[in-house]
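Undergrad: Please work from the sequences and hints to get the whole structure.
From first to last, the protein sequence lines stand for chains L and C.
Counting from 1, position 181 in the first sequence corresponds to residue 181 in our numbering; the numbering is continuous, with no gaps.
In our numbering, each number is its position in the second sequence, counted from 1, plus 1000.
In case anyone wonders, no lab produced these hints; they're calculated from the structure.
We put the CB at the ideal spot given by N, CA and C, even for glycine.
Fair warning: there could be bad hints in the mix.
What the hints assert, rightly or not - Pulled from the structure, derived: some chain L residues nowhere near chain C, Cβ distances all over 12 Å:
1) F16
2) P31
3) R35
4) E42
5) S43
6) R118
7) R121
8) E143
9) A152
10) D154
11) Q163
12) P179
13) R183
14) A293
15) D300
16) L313
Claimed, not checked - Partial selection, computed: residues in chain L whose CB lies under 8 Å from chain C:
17) E96
18) K97
19) V229
20) C230
21) Q231
22) H233
23) I235
24) T238
25) M240
26) W243
27) I244
28) Q246
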Amino acid sequence: MDDKTNALREHVKGIFSNLELVLGWEPGYDPLHTRPFYVRTESDIDRLTANCLSFQNLTRYLAKSMNAVDPAADGRKIGVCVKGCDSRSLVALIQEKFVSRDRVYVIGLPCRGTLDARRIRALVPDPARIRSVNAEGDELVVETDRGISRFALDRAIARKCLQCRYPNPVIHDVLIGDPVTPRLKIDAENPSVAAVEALSLEDRLLFWENQLDRCIRCFACRNACPLCVCQNHCIMETRMPKWITQYRNMNEKFMFHMIHALHLAGRCTECGECERVCPVGIPVALIKEKINAIIYEMLDYESGIDPEAVPPLLTFSPKETGI
Amino acid sequence: MRIGVFICQCGTNIAGTVDTRAVAKKAMEFPDVVFAVDYMYTCSEPGQKEIQDAISSHRLQGVVVAACSPRMHEPTFRRAVKKAGINPYMFEQANIREHCSWIGTDREANTRKAIDMVRMSVEKLRRNQALFSTQVAVNKRVLVIGGGVAGIQAALDCSDGGLEVVMVEREPSIGGKMAKLDKTFPTIDCSSCILGPKMVDVAQKENIRLYAYSEVEAISGYIGNFKVDIRKKATYVDWNACTGCGECTQKCPSKKAFDHFNEGLGATTAINIPFPQAIPKKARIDSDYCRYLTGGKCRVCEKICPVKAIRFDMKDEIVTEEVGAIIVASGYDLFDARVYGEYGGGRYPDVISAMQYERILSASGPYGGHIRRPSDGREPKEIVFISCVGSRDISVDRPYCSGICCMYIAKQAIMTRDHIPDSNCYVSYMDIRAPGKGYDEFIRRAQEEYGVKYIRGRVGRIYPRGDRLVVQGADTLLGVQVEIEADLVVLATGVECSAGARPLAEKLRISYDQHGFYMESHPKLRPVETNTAGVFLAGVCQGPKDIPASVGQGSAAASKVQALFSRDTIETDPQVAHVNENMCIGCGKCEQVCPFGAIRMKTLRDGSRKSEVLETVCQGCGLCNATCPNKAIQLRHSTDDQILAEINTLFD
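TA: In structure tokens, the structure reads:
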């Protein structure tokens, strides 16, 4: 995302008196990070930032940390900053009645991609020296102790952004900045899925075994997911019913990821948070992307687009074919 | 837990390919099993006695029977163990017959499989809990949806049994399709003469409340306690005041209104009473044609009406009725013959549907019972009947036989020959289906006594020549092409589900087949029940059938309701879903997927949303269980842990 900090602050200042709080981002502990930030007072507004590092999907706080199921009694709304991908999560939450549309004031931020800290580290071998990073046009400008270097932006943004089809928020009350052109068409094939599908069955199994073997079941992917709403009632941690044991083997890891993916079938909006937060770099979102491709093909449905639509696995239509 | 295992030999059905003794011996090694034996026929009286004796002598707390399908004998064995003093749900049945002995001949492999199946049942039983039914009170009123002959019969039978009946009819009068018929096969008795008295009975019975020109808007609740919202559509006439005198219909200046009762042959007035025998015999204004309602000027009927019953400001009204059971007799529609472009239905005025012909034949019809062509009013001499128009044709998605057309064509041909002795009647047919009492004889009478010419083969095309119609087809018995110049062509349009059948099924939470006919609970053994408790079926809404079958099913549904209402309370099945509130996250997905409306959301005092199962409504299908992301909702007697234990034991 291009730097929209000033425009965002301006806008929030203008409407803050009508809002209960605003979910946004503030600068993080180093130049490669921002962190989620609750704007609760007028004076907080100047800490807001919005740029290529605003990668967190803030909609998860709506369902997991605050009650947004019903409109507030006094009518005051929660402001929430969303990129294109985040807005789809918000739509899915509205569909499933975890968030009332009337409870939120949606600040839409068209986005050309957010940076992937791992990929930047690969570009700049000594990240401790990085003073600032900034997206300028199609270039990433990295300022280090030793001077300024420029890289193609595509070498530094997240995998999900390279195949982004919804860079502009699908719902919003205000749009900050101009809409941007999607990288892929809406009905384009997912290139990451296609790449894995191109492998032979044996190689595919090997690929996933190699990837999932690293899983330490820290549940970061689950916690970051805006639609994984069971929280501390998650089936991974209950022993009644006992679907998952704590044995450290591939079966259990595989089972965990499959349950996670199946719970998101027809719901996952491909915000990529699960993959971003994975401490061991498993392409977790890829499993869900494959399921989404199946859902799109079989049921002609894409999650998080229409707040009025019913996710296909929560309904039945006699017209469904191909099943 | 102390478990007893009983292996049934089922004569040689099981013992033929399974070593039952070896299974019993192996079962003794399973955890908690203290007794195991094989027996010739476990379901027989001595077989059950053996179970009961073992329960007392070995102090058993749970019983596994490895035998046939639970669909066959689960109730038998549950009763047996209950008699011996243990909870009927502390019983498991392993199906080692249909699932094992009958499907393989390798005795050794079958025995291994039987052992595994018993092992699974033991593991499940170890996790069973005693379950108990509850009792719910029954509201002894019944709703009948549809006032055709099936609904009328059901309503009258229920009423005779002393039940209060609420009848909802979509049209302004009851009577359904049968009221439009002239004569009925195979006895050629007058349709309205035999239906009329029943319609009058409905109006006169004090315990039948009739809502005509009304539709079911919404249904909630469950067996014994349904709440039904009924939309009374605006008639613009106060039916409490209207005496049915018909003065208004004489004076109404809008005389081009579509005549639904006469299938669009001729026209009626905007304010009309559909037919002389209508029940209720009340006037209704057709708002599409009323000059005042469409143009703002007229109000002639208002001035004429001697009792001042006209209410131009009338709006639809919703009334709520509470009932304990529902009989669905919502009937059917007839296939739209325009789908077959080659027949020219809808394009040529003298190609008509059989129901239109029925109205032409009827003395109360648009031509006073004289057979005339709609185009020029001339008496037709050459008449062709074409069967299977929208029946038994995969290309129009109607692969089924409508069952009634062969018979009504024969009847109409006989009537035609009766009215016009010098006419020629041809019937183009595929096969003749007349499997009823006196039916085949009736067809033969048409052929032999009345000289109706039956031509086996399909008609390919109909086109006009002068003021007549050329019917081109094949005679497949003679192997020749046939061309008949006809004055009138009657298309035997088949039966299809009523246009409102699917939305109504969704309100009732009953299922329907791919053609929209309602699904019975079992095609042979439970033909009037649905899978939703307390909802019964009658008439063609369940599948094509003729009048005797519809009446029979109406009575059958009524007797089911009376059996249900013969008790003051109903015992519920405890094998239903149950919510663990501590785990429920209130996402509401279970509520969304429940096909029975058995789940509702509630808000606890702390403001958190939780789902709640209405145990009397729940049918134990398990959809909620499968949908619940963290399995907070469990199906009693088939919990996740029980199923996982069964699977795990296979791989231990």
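Undergrad: Name the hints, by number, that the structure is in violation of.
TA: Per hint list: 16, 27 and 28 violated.
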